[in-house]
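2 protein chains.
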Amino acid sequence: MKVFTEAEVKANYHMADAICDIEQLLKNMDDISQTTRTVIPTGDGAKSMLYMPCVHLGKQQGIIKITSITPDNPQHQRPTTQANIIITDLKTGEHIASLDGNYLTRLRTGALSGIATNYMSRTDSQILGMIGTGGMAYEQLLGNLEVRPIQKVLLFNRTIEKAKTFVAQVADKHPEIEFEIVSDVSDLVKCSDIINCQTQSTTPVFDAADVQNGTHINGIGSYRPEMKEMDNRLFPKASHIVFDDLEGVKEEAGEFIEADAKGLFSFANHHDDLKGCVVDGNTVREKDSITIFKCVGAAYFDLAVALGAWNKLNTH
Amino acid sequence: MKVFTEAEVKANYHMADAICDIEQLLKNMDDISQTTRTVIPTGDGAKSMLYMPCVHLGKQQGIIKITSITPDNPQHQRPTTQANIIITDLKTGEHIASLDGNYLTRLRTGALSGIATNYMSRTDSQILGMIGTGGMAYEQLLGNLEVRPIQKVLLFNRTIEKAKTFVAQVADKHPEIEFEIVSDVSDLVKCSDIINCQTQSTTPVFDAADVQNGTHINGIGSYRPEMKEMDNRLFPKASHIVFDDLEGVKEEAGEFIEADAKGLFSFANHHDDLKGCVVDGNTVREKDSITIFKCVGAAYFDLAVALGAWNKLNTH
Numbered sequence: 001m002k003v004f005t006e007a008e009v010k011a012n013y014h015m016a017d018a019i020c021d022i023e024q025l026l027k028n029m030d031d032i033s034q035t036t037r038t039v040i041p042t043g044d045g046a047k048s049m050l051y052m053p054c055v056h057l058g059k060q061q062g063i064i065k066i067t068s069i070t071p072d073n074p075q076h077q078r079p080t081t082q083a084n085i086i087i088t089d090l091k092t093g094e095h096i097a098s099l100d101g102n103y104l105t106r107l108r109t110g111a112l113s114g115i116a117t118n119y120m121s122r123t124d125s126q127i128l129g130m131i132g133t134g135g136m137a138y139e140q141l142l143g144n145l146e147v148r149p150i151q152k153v154l155l156f157n158r159t160i161e162k163a164k165t166f167v168a169q170v171a172d173k174h175p176e177i178e179f180e181i182v183s184d185v186s187d188l189v190k191c192s193d194i195i196n197c198q199t200q201s202t203t204p205v206f207d208a209a210d211v212q213n214g215t216h217i218n219g220i221g222s223y224r225p226e227m228k229e230m231d232n233r234l235f236p237k238a239s240h241i242v243f244d245d246l247e248g249v250k251e252e253a254g255e256f257i258e259a260d261a262k263g264l265f266s267f268a269n270h271h272d273d274l275k276g277c278v279v280d281g282n283t284v285r286e287k288d289s290i291t292i293f294k295c296v297g298a299a300y301f302d303l304a305v306a307l308g309a310w311n312k313l314n315t316h
Numbered sequence: 001m002k003v004f005t006e007a008e009v010k011a012n013y014h015m016a017d018a019i020c021d022i023e024q025l026l027k028n029m030d031d032i033s034q035t036t037r038t039v040i041p042t043g044d045g046a047k048s049m050l051y052m053p054c055v056h057l058g059k060q061q062g063i064i065k066i067t068s069i070t071p072d073n074p075q076h077q078r079p080t081t082q083a084n085i086i087i088t089d090l091k092t093g094e095h096i097a098s099l100d101g102n103y104l105t106r107l108r109t110g111a112l113s114g115i116a117t118n119y120m121s122r123t124d125s126q127i128l129g130m131i132g133t134g135g136m137a138y139e140q141l142l143g144n145l146e147v148r149p150i151q152k153v154l155l156f157n158r159t160i161e162k163a164k165t166f167v168a169q170v171a172d173k174h175p176e177i178e179f180e181i182v183s184d185v186s187d188l189v190k191c192s193d194i195i196n197c198q199t200q201s202t203t204p205v206f207d208a209a210d211v212q213n214g215t216h217i218n219g220i221g222s223y224r225p226e227m228k229e230m231d232n233r234l235f236p237k238a239s240h241i242v243f244d245d246l247e248g249v250k251e252e253a254g255e256f257i258e259a260d261a262k263g264l265f266s267f268a269n270h271h272d273d274l275k276g277c278v279v280d281g282n283t284v285r286e287k288d289s290i291t292i293f294k295c296v297g298a299a300y301f302d303l304a305v306a307l308g309a310w311n312k313l314n315t316h
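Those protein sequences? They're chains A and B, same order as listed.
Position 63 of the first sequence, counting from 1, maps to 63 under the UniProt record's numbering, and the rest follow consecutively.
Position 268 of the second sequence, counting from 1, maps to 268 under the UniProt record's numbering, and the rest follow consecutively.
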């Protein structure tokens, strides 16, 4: 078994690769077999182990992503979430590689927002508003930059110092972009063509009344029922709401679970997912409408990027 | 993540270690958390991936055993079953080691037979009869040798050539033991103090009428409902029947599932497992009775040997 660190994966596999590989997989979902993920609590609160296996029957390759959640880790300068992906060659049965899964998880989530932005936002979108500048933010930025001619990025974070640190870390890598930190989230929401939310908030991070016609929103933060990042009063105003994975959103996305209960939205009448956008290949928006993409993740997205990264690493 | 090959695990972790570590774990089962295993079919017939996670809450260490089943592998000189074990440190959340799981699986299965033999067979057992000389046989031999003063080993295999190959491979390592291959399994059954079955047979490999009073039998072969290695007409004659894992036997052991349906045995009235033998610490046999141990395996046994092996490898 070959072992690849985060640095090695990062050096060989990039946002454009991830977007391409996920789109390819979405076009051939019949080849994918996965089960519900397994969770074993390992301590107080959210402390747990998550196991997400998935196989590609066509390519005869399988993965499992093994994730540890250690809530008190930040006190010890360690990440809360640590992921590792094991790849098995199903033709020979051999377990061939171990890939650090942290970067790949952030990258596939950024790629999903990129794909949604590509199919759902106005093609002339130039201003990106980012709410939340934590661990997932950079790859969310990259996903949007990959598909739209972004010239300006507005940033809001509850702790403004963290937004400053983020800009200090990324501005040099993107000299063509103007970065501006805002202290009032309303300013960001009113001015942005695309709003990208990546927080762990349990209350809405923006006011639905501030969202202008023609805006596309990506929400990747709420991945537990108690998390409610997006203001769900916006949902009735949206012309299109697309999910990365309907079953996952039903179980995990707090603002949608609440909206369904309150009658602001109905899972029963909902059929739009990213697979439909990509396979049908048409942009689903009118110029002046509001569109929303909600992402919670699923093992087959990890499969797409893990096999893609392995392919690059193995032939490098 | 550190990676250890089969040869490295084998050089540092042995049968006595495995027996000790499994007994220790059986005495502290409250510390163990596991879920049912996940199976994803990956092709025709039994071709599949198996995922068996398990955590030790006390030690704050977790494992997952990832096993590929590739039925046509023997045609290509590769093993049908290939296992890999990933260890996670739950205190830090770090994925710390990858251990080849093939030897550890054989070793823990041999250790389970060793533990059963130790608690259930006559202490003066000197003749061991082995039915089946395939991939699991050597560690089954080692498990019995570890706990009883075996002087003679009788061997039967459907293809006699394979029994000869097995003896040629192991005889030099055990010069104190007399090995004898028999062509009639009845001779083996009538003469043995302990009978150890490790076959994939779908029909009984011995006749219940041949089993003498005072014999102990270990059956490790039937791990699917269609497999029926032991003659279940023997079950009503046994003074004690002990399982490694009751839930697993109910689902997987063909001869017991059939016996329960036919009324030769009742799961409903059955409570003896290896945990009871070890924790209670008493041998459950009378001198002239027939005793049976049935083993199908479970993730917590893999946990015991993986953490034990890691401990040796990491401090070596």
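Quick caveat, the hints were computed from the structure, so don't treat them as lab data.
Hints are not guaranteed to be accurate.
Just so you know, same-sequence chains aren't split out, so a pair can sit in one copy or run between any two.
[Unchecked claim] Within a straight-line C-alpha distance of at most 20 Å, the following computed PhoX-like cross-link-like pairs (lysine-lysine) qualify:
no.	residue 1	residue 2
1	Lys-91	Lys-250
2	Lys-275	Lys-152
3	Lys-275	Lys-162
4	Lys-91	Lys-27
5	Lys-47	Lys-59
6	Lys-190	Lys-250
7	Lys-287	Lys-173
8	Lys-47	Lys-91
9	Lys-152	Lys-262
10	Lys-47	Lys-10
11	Lys-59	Lys-164
12	Lys-152	Lys-173
13	Lys-27	Lys-250
14	Lys-152	Lys-164
15	Lys-262	Lys-2
Since this is a predicted model, take the numbers as computed values, not measurements.
Hints versus structure:
1. Lys-91 x Lys-250: For Lys-91 and Lys-250, the Cα distance exceeds 20 Å both inside one copy (35 Å) and across copies (32 Å).
2. Lys-275 x Lys-152: For Lys-275 and Lys-152, neither the intra-copy (29 Å) nor the inter-copy (65 Å) Cα distance is at most 20 Å.
3. Lys-275 x Lys-162: Cα proximity of Lys-275 and Lys-162: none, with 35 Å in one copy and 53 Å across.
4. Lys-91 x Lys-27: Neither way: Lys-91 and Lys-27 sit 23 Å apart in one copy and 41 Å across, limit 20 Å.
5. Lys-47 x Lys-59: between (34 Å within a copy, 15 Å between copies)
6. Lys-190 x Lys-250: neither (29 Å within a copy, 62 Å between copies)
7. Lys-287 x Lys-173: neither (32 Å within a copy, 79 Å between copies)
8. Lys-47 x Lys-91: Answer is between; shortest inter-copy Cα gap is 10 Å, intra-copy 36 Å.
9. Lys-152 x Lys-262: Close neither inside one copy (36 Å) nor across copies (76 Å); limit 20 Å.
10. Lys-47 x Lys-10: neither (27 Å within a copy, 33 Å between copies)
11. Lys-59 x Lys-164: The answer is neither: 44 Å in one copy and 41 Å across copies each exceed 20 Å.
12. Lys-152 x Lys-173: Answer is within; shortest intra-copy Cα gap is 14 Å, inter-copy 74 Å.
13. Lys-27 x Lys-250: neither (23 Å within a copy, 41 Å between copies)
14. Lys-152 x Lys-164: Close inside one copy (16 Å), not across copies (77 Å); limit 20 Å.
15. Lys-262 x Lys-2: neither (50 Å within a copy, 50 Å between copies)
Violation of the numbered hints given earlier is confined to hints 1, 2, 3, 4, 6, 7, 9, 10, 11, 13, 15; the remaining hints are satisfied by the structure.
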